[in-house]
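*Asks:* Spelled out from the first residue to the last, the chains are:
There are 2 protein chains.
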Amino acid sequence: MPDRDAPKSVIRRLPVYVRILDNMIRNDIEIISSRELSEVTGFTAEQIRKDLAYFGAFGTRGTGYNTSVLREKILEIIGLNEQTNIIVVGSGHLGIALARHNIRKNPYVNVVAIFDIDPEIIGGEILGVEIMPLSRLPEVAAEYRVKVAILTVPATHAQNAVEPIIKNGINVIFNLTTAKLEVPEHIHVHNVDLSIELQSLIYYATQEKEEA
Amino acid sequence: MPDRDAPKSVIRRLPVYVRILDNMIRNDIEIISSRELSEVTGFTAEQIRKDLAYFGAFGTRGTGYNTSVLREKILEIIGLNEQTNIIVVGSGHLGIALARHNIRKNPYVNVVAIFDIDPEIIGGEILGVEIMPLSRLPEVAAEYRVKVAILTVPATHAQNAVEPIIKNGINVIFNLTTAKLEVPEHIHVHNVDLSIELQSLIYYATQEKEEA
Numbered sequence: 001m002p003d004r005d006a007p008k009s010v011i012r013r014l015p016v017y018v019r020i021l022d023n024m025i026r027n028d029i030e031i032i033s034s035r036e037l038s039e040v041t042g043f044t045a046e047q048i049r050k051d052l053a054y055f056g057a058f059g060t061r062g063t064g065y066n067t068s069v070l071r072e073k074i075l076e077i078i079g080l081n082e083q084t085n086i087i088v089v090g091s092g093h094l095g096i097a098l099a100r101h102n103i104r105k106n107p108y109v110n111v112v113a114i115f116d117i118d119p120e121i122i123g124g125e126i127l128g129v130e131i132m133p134l135s136r137l138p139e140v141a142a143e144y145r146v147k148v149a150i151l152t153v154p155a156t157h158a159q160n161a162v163e164p165i166i167k168n169g170i171n172v173i174f175n176l177t178t179a180k181l182e183v184p185e186h187i188h189v190h191n192v193d194l195s196i197e198l199q200s201l202i203y204y205a206t207q208e209k210e211e212a
Numbered sequence: 001m002p003d004r005d006a007p008k009s010v011i012r013r014l015p016v017y018v019r020i021l022d023n024m025i026r027n028d029i030e031i032i033s034s035r036e037l038s039e040v041t042g043f044t045a046e047q048i049r050k051d052l053a054y055f056g057a058f059g060t061r062g063t064g065y066n067t068s069v070l071r072e073k074i075l076e077i078i079g080l081n082e083q084t085n086i087i088v089v090g091s092g093h094l095g096i097a098l099a100r101h102n103i104r105k106n107p108y109v110n111v112v113a114i115f116d117i118d119p120e121i122i123g124g125e126i127l128g129v130e131i132m133p134l135s136r137l138p139e140v141a142a143e144y145r146v147k148v149a150i151l152t153v154p155a156t157h158a159q160n161a162v163e164p165i166i167k168n169g170i171n172v173i174f175n176l177t178t179a180k181l182e183v184p185e186h187i188h189v190h191n192v193d194l195s196i197e198l199q200s201l202i203y204y205a206t207q208e209k210e211e212a
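Just so you know, the sequences run in chain order A and B. Heads up, the first sequence is in our numbering, so the first residue is 1 and it goes up one at a time. Heads up, the second sequence is in our numbering, so the first residue is 1 and it goes up one at a time.
With the rest of the complex left out, here is chain A (with noise of 0.2 Å):
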């Protein structure tokens, strides 16, 4: 049973260890230590015992993970071991990469319909998938029990956009777009703002034009 208490921190390092565990796999390794995680991953040793004995996955001492089980467990604290139902708002140029990149590559996810508002696009689709508009939404929230929306719309339309998503019981929103949205305490809200990534960035630039 998922702890619903866990750190974001932990959350967000489990799919790492998933695709490790994936190329191991791939690659006849049955077992693995620790050591051997935080050599690939980056994360300390004693990180990765903490954060997988947080979910009561313990490796056996002087032998280490069974990969096989450990990626099964992990998994299944994510949720990824039946594929979620998905939508992507918002088809510029960033959403039609995300969609792609879903549909193609993310085997625990299943991109059900794509949104936008352009007439132009609408009725369109991507690997399959139909771009619709908006006023499709519940319809398809309803009929998939839709439970994650990727946003990627302009950020001036995205508080619009917000408003549909979470009637429709979506409570999990991955939102692209530089705005701050406003939403109620249950919806979870995860904000990747590139531009503020890259503007960070400059500062190791900056530092490394001054070492020169």
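In short, the hints are calculated from the structure, not lab data. As the structure is a prediction and not an experimental result, all values here were calculated from the model. Among the hints, erroneous ones may be present.
Copies of one chain are not kept apart here, so a pair can be met inside one copy or by any two copies together.
The calculated BS3-like cross-link candidates involving lysine-lysine, where the alpha carbons are at most 25 Å apart (straight line), are [as the list claims (entries may be wrong)]:
no.: 1; residue 1: K50; residue 2: K180
no.: 2; residue 1: K180; residue 2: K167
no.: 3; residue 1: K105; residue 2: K180
no.: 4; residue 1: K73; residue 2: K50
no.: 5; residue 1: K73; residue 2: K8
no.: 6; residue 1: K105; residue 2: K73
no.: 7; residue 1: K50; residue 2: K8
no.: 8; residue 1: K8; residue 2: K180
Since chain A is already given, all that's left is putting chain B on it; use the hints.
*Replies:* Same frame as chain A, now just chain B:
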């Protein structure tokens, strides 16, 4: 003079302050307290005072920070007081999205070129910025003293694209591919893996399901 050892977490918050101060200044707000900054950022007032004191920016007790002075100071700390020349390597949908956004909306950077290996799109342009073959990277990097590369090529091409980047004096890579890059120690790589972020979010969607 910037502090070379500022923690990454502090550096990542700095552009958030800039964005908020920009807004304040547009609205003719001259003074802001750490408490008010806390309300708009979601960071604690204590955290904010610590962040800013780190670089010698102190508010006046009982009054607060002068918004213009604080903004200038933070821009200088990050190195945003003059435009930084950057390139985008990979002009798929994600690369185009980032190129367009930064060309149009980010006053702190100057996108000098976009690189790709696809002969079909080389020679084209995105909002006036040319799409070039990777062979022209050395020339562009030297001419514009490029310091930051946004990397959005397919994961399987990522490491190959890294070589010309770091050989030509670019020391900061914003890596949006899912590949783990191997680089010398003096190269600053910032990884944003949107798949991993999305996967970890499924945890919160699953929690919701169990509550229901």
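*Asks:* Taking the hints in turn, state whether each one holds.
*Replies:* Hint check:
1. K50 / K180: Answer is between; shortest inter-copy Cα gap is 23 Å, intra-copy 33 Å.
2. K180 / K167: within (18 Å within a copy, 39 Å between copies)
3. K105 / K180: So K105 and K180 pass the 25 Å test across copies only (17 Å; inside, 29 Å).
4. K73 / K50: Answer is within: at 15 Å inside a copy they meet the 25 Å cutoff, but 40 Å across does not.
5. K73 / K8: within (18 Å within a copy, 32 Å between copies)
6. K105 / K73: within (21 Å within a copy, 43 Å between copies)
7. K50 / K8: both (14 Å within a copy, 23 Å between copies)
8. K8 / K180: Classified as both: same-chain Cα gap 19 Å, cross-chain 22 Å, threshold 25 Å.
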